[in-house]
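Build out the structure end to end from the sequences listed, making use of the hints.
Residue numbers (my numbering), protein chains in the order written: chain G, 61 to 276; chain C, 61 to 276.
Because the hints were derived from the structure by calculation, they are not lab data.
Just so you know, even glycine gets a beta-carbon here, dropped at the ideal spot from N, CA and C.
Hints are supplied without guarantee of correctness; some may be wrong.
To be verified - Taking CB as the label site, the calculated pair distances span:
{"hint": "1", "chain 1": "G", "residue 1": "D228", "chain 2": "C", "residue 2": "D211", "range": "38 to 44 Å"}
{"hint": "2", "chain 1": "C", "residue 1": "Q105", "chain 2": "G", "residue 2": "P232", "range": "37 to 43 Å"}
{"hint": "3", "chain 1": "G", "residue 1": "P65", "chain 2": "C", "residue 2": "A108", "range": "34 to 40 Å"}
{"hint": "4", "chain 1": "G", "residue 1": "L96", "chain 2": "C", "residue 2": "A68", "range": "54 to 60 Å"}
2 protein chains.
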Amino acid sequence: MPPAPLPAQLAELSELLGQMCTTVAGALQRATYALLESRQRVAQQVVAADAEVDALRAKVEEIATDALLFHAPVAGDLRQVVSAIRTAGDVERMGDLALHVAQAAERGRPLPEQVRDDFAEMGRVAVQLALKAAEVARTRNVILAVELDADDDTMDDLHVHMFGVLMDPEWPCGVPAAVDITLLARYYERFADHAVVVARETVYAVTGQEPDAIPI
Amino acid sequence: MPPAPLPAQLAELSELLGQMCTTVAGALQRATYALLESRQRVAQQVVAADAEVDALRAKVEEIATDALLFHAPVAGDLRQVVSAIRTAGDVERMGDLALHVAQAAERGRPLPEQVRDDFAEMGRVAVQLALKAAEVARTRNVILAVELDADDDTMDDLHVHMFGVLMDPEWPCGVPAAVDITLLARYYERFADHAVVVARETVYAVTGQEPDAIPI
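And the structure:
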């Protein structure tokens with residue numbers, strides 16, 4: 061079978077990256093639900109679904125490599141292909157982080173009341189960022205991408221707040237719970253951070269410039 | 061100036077990736093020393109040197125993009141170029157993790173005696189892995205790369221042991237120290253993990269196969 065024309069391959073890359081972001085958003089949403097409500101069955105389903113994200117990444121790399129091999133793209137097209145390879149790596153990592161949250165939920169230790177609301181909020185913000193990243197990947201909308209970069213500040217604030225709660229001398233839940241929560245909070249923060257990188261990559265692919273250089 | 065011939069570009073990519081790995085190995089070594097000996101000045105130097113790794117990554121991406129643009133490489137050469145782009149991302153992340161260790165050392169809270177030896181050992185293993193990754197990147201030696209994959213087990217064992225220490229009901233150093241240590245241990249484990257990915261990438265670039273498929 062002859063390779064697809066370049067524009068079709070580029071469109072498929074955008075679509076697949078969007079699909080990857082939507083998939084990891086769904087995974088983190090379910091993992092957060094499993095964590096908050098101690099639903100181990102749901103957690104297991106998230107763990108089982110991680111292979112889907114890995115398969116999508118392999119597909120992105122296959123199409124990107126085909127595009128390089130058969131069409132030797134230049135300028136913005138080349139940037140888009142290279143950026144798709146990098147972005148797929150970031151989104152796969154988001155999938156791994158959703159998986160880590162699900163694995164924590166699988167162990168079935170209930171979250172202390174003190175931090176439930178914070179995790180619910182971190183989950184909400186992280187899922188929103190991933191869905192926005194999906195839209196950025198699909199539409200290559202630079203303005204939306206620059207907005208997403210700013211949204212991440214909310215996650216950083218939540219992360220800082222969470223450490224304040226843990227460091228309080230009155231923290232009543234002991235060291236093991238604090239260790240679990242430290243890692244969980246880190247997973248959410250890293251997940252959000254990768255969503256930002258996806259958006260930054262897209263800005264670079266579309267404009268050839270870093271997001272900081274875009275005046276909006 | 062005309063672009064360099066493809067073989068020269070490929071050789072430079074290998075050399076630069078090796079240099080990146082050596083640089084982050086040195087950064088983590090100094091960060092670990094700063095952490096163990098509460099040497100804040102050394103920690104500050106590590107923080108200041110992180111820009112060097114970012115610059116090397118930018119250089120890798122520039123040469124890789126030039127190679128794609130001017131030579132439209134195929135087969136193993138194309139795999140090497142694509143793999144260089146991905147690998148540079150992993151090594152930059154290793155630099156970020158060394159930076160996080162240095163930032164913790166900068167804050168100047170001494171490590172509890174109970175975990176000093178563990179961190180010294182995690183530092184030693186992680187630096188070794190990065191130096192081996194440097195050699196893999198430079199020489200593209202597949203057998204060394206497969207060995208490195210196995211070496212990472214030592215890090216995983218240390219990481220598990222560390223959590224055992226923290227989870228012990230007799231842990232005497234309180235929650236804030238436990239939170240710091242949890243994150244620090246995670247930085248070392250992730251650093252080592254990225255070194256493994258660098259080796260795996262190299263195996264793939266050289267052979268077109270995943271490391272698990274190489275019988276040695």
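Hints, verified against the model:
no.: 1; hint: G/D228 to C/D211: 38 to 44 Å; result: holds, 40 Å
no.: 2; hint: C/Q105 to G/P232: 37 to 43 Å; result: holds, 40 Å
no.: 3; hint: G/P65 to C/A108: 34 to 40 Å; result: violated, 48 Å
no.: 4; hint: G/L96 to C/A68: 54 to 60 Å; result: holds, 56 Å
The structure does not agree with numbered hint 3 stated previously, though it agrees with all others.
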